[in-house]
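J.: Below are the chains, spelled out letter by letter.
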Amino acid sequence: MTMTNDHEALAAPAMMEGDARDFFALLKPRVMSLVVFTAFIGMLLAPGEIHPVLGFIAILAIAVGAGASGALNMWYDADIDILMSRTAKRPIPAGKITREATLAFGLVLSVFSVAVLGVTINWLSAGLLAFTIFFYAVVYTMWLKRSTPHNIVIGGAAGAFPPMIGWACVTNSISIESIVLFSIIFLWTPAHFWALALFKSGDYGRAGVPMLPNVSGERTTKNQIVLYAVLTAISGVVPALMGFAGIVYGGVAAALGAAFIWYSFKTWQMPDGDEKMIPAKKLFAYSLVYLFAIFMALAVDNLAARYLGAVI
Amino acid sequence: MDQVELTEQQKKARRSRSVALAIVLAVLVLLFYAVTIVKIGPEILNRPM
Numbered sequence: 000m001t002m003t004n005d006h007e008a009l010a011a012p013a014m015m016e017g018d019a020r021d022f023f024a025l026l027k028p029r030v031m032s033l034v035v036f037t038a039f040i041g042m043l044l045a046p047g048e049i050h051p052v053l054g055f056i057a058i059l060a061i062a063v064g065a066g067a068s069g070a071l072n073m074w075y076d077a078d079i080d081i082l083m084s085r086t087a088k089r090p091i092p093a094g095k096i097t098r099e100a101t102l103a104f105g106l107v108l109s110v111f112s113v114a115v116l117g118v119t120i121n122w123l124s125a126g127l128l129a130f131t132i133f134f135y136a137v138v139y140t141m142w143l144k145r146s147t148p149h150n151i152v153i154g155g156a157a158g159a160f161p162p163m164i165g166w167a168c169v170t171n172s173i174s175i176e177s178i179v180l181f182s183i184i185f186l187w188t189p190a191h192f193w194a195l196a197l198f199k200s201g202d203y204g205r206a207g208v209p210m211l212p213n214v215s216g217e218r219t220t221k222n223q224i225v226l227y228a229v230l231t232a233i234s235g236v237v238p239a240l241m242g243f244a245g246i247v248y249g250g251v252a253a254a255l256g257a258a259f260i261w262y263s264f265k266t267w268q269m270p271d272g273d274e275k276m277i278p279a280k281k282l283f284a285y286s287l288v289y290l291f292a293i294f295m296a297l298a299v300d301n302l303a304a305r306y307l308g309a310v311i
Numbered sequence: 000m001d002q003v004e005l006t007e008q009q010k011k012a013r014r015s016r017s018v019a020l021a022i023v024l025a026v027l028v029l030l031f032y033a034v035t036i037v038k039i040g041p042e043i044l045n046r047p048m
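Chain order of the listed sequences is A and B.
Heads up, the first sequence is in numbering that gives the first Met the number 0, so the first residue is 0 and it goes up one at a time.
Heads up, the second sequence is in numbering that gives the first Met the number 0, so the first residue is 0 and it goes up one at a time.
Since the hints were derived computationally from the structure, they do not count as laboratory data.
Please note that a few of the clues may not be correct.
To be verified - Distance condition first, Cα-Cα at most 27 Å in a straight line; then the derived DSSO-like pairs of lysine-lysine:
1. A/Lys280 - A/Lys265
2. A/Lys88 - B/Lys11
3. B/Lys10 - A/Lys88
4. A/Lys265 - A/Lys199
5. A/Lys281 - A/Lys144
6. A/Lys27 - A/Lys144
7. A/Lys281 - A/Lys27
8. B/Lys11 - A/Lys27
9. A/Lys275 - A/Lys265
10. A/Lys275 - A/Lys88
11. B/Lys10 - A/Lys27
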């Protein structure tokens, strides 16, 4: 099937068959849930107060903005989504929603979410949200993804901004602490996606997306995974070293980081050409646990310090 | 004039989209009302006549 035929297959039907659930799927709900979670933690850790209603609206706007960038990604990538098993059932390749409708949906939600955040919270956080959408939709999706095997290293910044936006919602500033939160997710992204790329390399190869395993081979990818796992583990304990998280958090983060390095090492040991790729699948699953656990530990540590009176 | 005849599936999908849009708009009304109260509060009544 040629690219031209793919586009013909995606031609707009007279009337869409996509329902509300299909439009919701355009927002990438699973990614959105991680965005909501990390943005909320950023907001929680920031010094200062935000009214709960405004906090709720800020989280909602950040979630919708992230969802909008997901829709723009699906609009642009519809031609390759149809070629990959992981993405073939998305609303556009499945023929439920047209590309035109997806583009309009993504643009309207982008403008609306940024405007709501600016008017109700502050324009610094709105600017950061706008930059995040631009970075994901234009810098990552349109430029990096199809041109360099380092696509997700740089593109990972888009996923790392939400805690920084949450922080900015409360403080109207960017500080070293919010940059540390950013760097945890930024450094975590390559190991997470390269683990996925290892056992989905056939998919990416078919779609012509230059992921690291397809371009530089499994060995280089595994080396890079270990490197980024070590960097992630180090960044995970930085909040305790800098004093904006307690010593108990530091211990938990060190243990979580050690496990991350262990899983990446098991992946590194995996023989090249392994069919089942069990260690890579375990690393991918653990990477999700790691990110959730590290941010949850930050939240628990912060709440304990706040309500028990001292940093534990 | 030619008219597009929708299938049952398309009518069902359109109804679903319309209901979702109505819910979103209703929630937005409530949210903007809540923001107005939080940000301005009773001060909204304190204005020169």
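J.: For which of the previously enumerated hints does the structure constitute a violation, in increasing order of number?
T.: Per hint list: zero violations.
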